[in-house]
Amino acid sequence: MASKSRLHIPRPSARPGEVPDFSYLALSEPGAVARPACDTPASKIEHLAHEMVRVLDDDGVAQGEWQPGLSPEQLQDALRLMLLTRQFDDRMHRMQRQGKISFYMQSLGEEAISIGQGMALKSGDMLFPSYRNQGLFIQRGTQLVDLMSQCLSNTRDMCKGRQMPVMYHNKAGNLFSISGNLATQYPHAVGWAMASAIKGEDHIAAAWVGDGSTSEADFHYALTFAAVYHAPVILNVINNQWAISTFQGIAGGERRAFAARGLGLGIPGIRVDGNDLLAVHAVTQWAAQRAREGDGPTLIEHVTYRGGPHSTSDDPSRYRPKDEWQAFPLGDPVKRLKQHLINIGHWSDEQHAALDAEQKEIVIAAWKEAISFGTMTDGPRLDVAEMFDDVYVETPPSLIRQRQQLLALKGVKS
Amino acid sequence: MSQMNMIQAINSALDATMEKDPTVIILGEDVGYFGGVFRCTDGLQAKYGEHRVIDAPIAEGGIIGSAIGIGVNGLRPVAEIQFADYIYPGLDQIISELARLRYRSAGEFFSPVTIRTPCGGGIRGGQTHSQSPEALFTHLSGIKTVMPSSPYDAKGLLISAIESDDPVVFFEPKRIYNGPFDGDSNKPAVPWSTHPGGEVPDSYYSIPLGEAAIVQAGDELSIITYGTMVHVAQAAVRTMGVNAEIIDLRSLVPLDIETLKRSVNKTGRCLIAHEASKFCGFGAELAATVQEECFWHLEAPIERVAGWDTPYPHAFEWEYFPGQERVMAGIRNVMEAA
Numbered sequence: 001m002a003s004k005s006r007l008h009i010p011r012p013s014a015r016p017g018e019v020p021d022f023s024y025l026a027l028s029e030p031g032a033v034a035r036p037a038c039d040t041p042a043s044k045i046e047h048l049a050h051e052m053v054r055v056l057d058d059d060g061v062a063q064g065e066w067q068p069g070l071s072p073e074q075l076q077d078a079l080r081l082m083l084l085t086r087q088f089d090d091r092m093h094r095m096q097r098q099g100k101i102s103f104y105m106q107s108l109g110e111e112a113i114s115i116g117q118g119m120a121l122k123s124g125d126m127l128f129p130s131y132r133n134q135g136l137f138i139q140r141g142t143q144l145v146d147l148m149s150q151c152l153s154n155t156r157d158m159c160k161g162r163q164m165p166v167m168y169h170n171k172a173g174n175l176f177s178i179s180g181n182l183a184t185q186y187p188h189a190v191g192w193a194m195a196s197a198i199k200g201e202d203h204i205a206a207a208w209v210g211d212g213s214t215s216e217a218d219f220h221y222a223l224t225f226a227a228v229y230h231a232p233v234i235l236n237v238i239n240n241q242w243a244i245s246t247f248q249g250i251a252g253g254e255r256r257a258f259a260a261r262g263l264g265l266g267i268p269g270i271r272v273d274g275n276d277l278l279a280v281h282a283v284t285q286w287a288a289q290r291a292r293e294g295d296g297p298t299l300i301e302h303v304t305y306r307g308g309p310h311s312t313s314d315d316p317s318r319y320r321p322k323d324e325w326q327a328f329p330l331g332d333p334v335k336r337l338k339q340h341l342i343n344i345g346h347w348s349d350e351q352h353a354a355l356d357a358e359q360k361e362i363v364i365a366a367w368k369e370a371i372s373f374g375t376m377t378d379g380p381r382l383d384v385a386e387m388f389d390d391v392y393v394e395t396p397p398s399l400i401r402q403r404q405q406l407l408a409l410k411g412v413k414s
Numbered sequence: 001m002s003q004m005n006m007i008q009a010i011n012s013a014l015d016a017t018m019e020k021d022p023t024v025i026i027l028g029e030d031v032g033y034f035g036g037v038f039r040c041t042d043g044l045q046a047k048y049g050e051h052r053v054i055d056a057p058i059a060e061g062g063i064i065g066s067a068i069g070i071g072v073n074g075l076r077p078v079a080e081i082q083f084a085d086y087i088y089p090g091l092d093q094i095i096s097e098l099a100r101l102r103y104r105s106a107g108e109f110f111s112p113v114t115i116r117t118p119c120g121g122g123i124r125g126g127q128t129h130s131q132s133p134e135a136l137f138t139h140l141s142g143i144k145t146v147m148p149s150s151p152y153d154a155k156g157l158l159i160s161a162i163e164s165d166d167p168v169v170f171f172e173p174k175r176i177y178n179g180p181f182d183g184d185s186n187k188p189a190v191p192w193s194t195h196p197g198g199e200v201p202d203s204y205y206s207i208p209l210g211e212a213a214i215v216q217a218g219d220e221l222s223i224i225t226y227g228t229m230v231h232v233a234q235a236a237v238r239t240m241g242v243n244a245e246i247i248d249l250r251s252l253v254p255l256d257i258e259t260l261k262r263s264v265n266k267t268g269r270c271l272i273a274h275e276a277s278k279f280c281g282f283g284a285e286l287a288a289t290v291q292e293e294c295f296w297h298l299e300a301p302i303e304r305v306a307g308w309d310t311p312y313p314h315a316f317e318w319e320y321f322p323g324q325e326r327v328m329a330g331i332r333n334v335m336e337a338a
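Chain order of the listed sequences is E and W.
Using the working numbering, you'd call the opening residue of the first sequence number 1 and step up by one each time.
Using the working numbering, you'd call the opening residue of the second sequence number 1 and step up by one each time.
Do not rely on the hints blindly, as some may be mistaken.
Distance condition first, Cα-Cα at most 25 Å in a straight line; then the derived DMTMM-like pairs of lysine to aspartate or glutamate [unchecked claim]:
1. E/171 with W/163
2. E/122 with W/108
3. W/47 with E/201
Treat the hints as calculated values from the structure; they're not laboratory data.
Please build the complete structure, drawing on both the sequences and the hints.
Take a look at the structure:
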């Protein structure tokens, strides 16, 4: 008798040439999910991992208990930072296309997450970003010229030319060094939060991974440690539906929401409309208050869509419908916040166009300044002798000798 | 000054640093209430509390990953990996994160993690409790690798490792936890009280990383070794009556090249001995270094004595382990060559 077992290979709802289909995406009505008190035990709020916290409805009207109470000025500022992030991404993506930088990764369509969460956290909180969280750096005031200089590996590069583009850090801004190895930052954030609790401080940590990276062991280590020690940490999953060419089902998202990954450990999970800045801000504030008041970690799944390619080395037209983003039911975070501000009488199309143009000018000016510190082909270059620094606290004799060898080959007197 | 075995010396080092520096914390499997399966952290949780000596889930990648975050936040974590054979789930965190954090952030971030882990064979541990994986770590840039051969060195080196702002993997040769072992498994075990290395100051002291020790001076050949093999080499030399200089590296990275160079240039003959398997073992690097530094002084080919290139077997432990006979055969080769 033939076996009834079958290997299940998850398939996305649409491939190139097919009609986009997001019927798999479970949505709650805006305003429908109640906001529990921050100290509600995890066992009482497991439903939050399966529902979806939404504030803005399709007309841009704020609904329900999760409205974060941001002022119009704060919302305008959020919109400005999202536009700045998008203009920055657009320019850097094009600079890669022109051969000015080697590589780039846009956050197109995901801007509300970094900006909204950055605004909801305190400056003393330590952030452990993934490679698509440039908005966190921008929200925390990292100068664009510094981000650009990192991508250029020029003489102003914060990494001294040691990392490929977008692997930023900002020590003073409490933004950890980004790694190209996926999810490694998750246990770092939990450890940092444990140390904060050991020291009796009320700073919390937050970390981000994509839906794809939730398969990594580090994701699960981090959840376990966070749960065991009740670490004051917010663990974020940015579910943008795609991990390069594999849809979120290949990461195990078909049967259960990523927000539910912590439920077995007693970590509350919240699924949120990641394209709704108000909802993102509200759930982050809720999770931060839990962490700060000793109620432990929260796992937040931000449901969004990766509007651009994975990176400049990727061509999504080969594996997903070209118009899939346009069909995404949660829309574009910039348009949605703009509509909301117009609805409450604090914005106009004219103001929006002017603000966007202003951000573009800021980005162009920053790029001009950045390239004055050198590009891959022109201008000043980093001192190659510095390649041997920072391997250890003190450069050991073996590395000093290798530096001398290199400099001798280059004809430089040391 | 007290008589201590290596376990007590390690415990004493942890105690001394924890007392001196309130930022030092310990985490690992069974390290807290129980005091560790080898007892190295015995009594420390009772003395310093549950926030400083933390029982961790069985997840080596999580222990090392969270230790990195703890270190970034200003504490000084000492992570115990129960057996070096279990360290592999944490390798990505060690290689891609711990070793490179300072470099990739241009010196702005670092994490001063010390990873303590028992290594080596001779305890009937088979392939999962006997390995000597030090060469996996010496190959990395940005991490230091240490292996003591006596209680005295273990305490002084561990204190330096914990105080170092560079990450350190600290290997503890578990066969010599309780006494110096000369490679002869038929003889009764000898306690550390019979050996000068078992005399350990009760108070704080440190031994700098990167300084080899000449455990026995001589001028006929140089034996470069570390860990348990220091004692095996001493026994072999005693049996043969050869006037060998035995160098205990103590720290593999940084490597004390000057001491090796002085010795081999003097003796003209060099034997390298380690428990780890031979191919691409740390001995390969040592042989290449000696060749580069001492070629014109060499009177014989450099000889390597090491574990065979098989997984560590259970039934044939003593055929696998590079004991006195293999060391003596190696000495004869290097002495009899032209």
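Tested hints:
| no. | hint | verdict |
| --- | --- | --- |
| 1 | E/171 with W/163 | holds (22 Å) |
| 2 | E/122 with W/108 | holds (21 Å) |
| 3 | W/47 with E/201 | holds (23 Å) |
Comparing the model with each numbered hint stated earlier shows that all of them hold.
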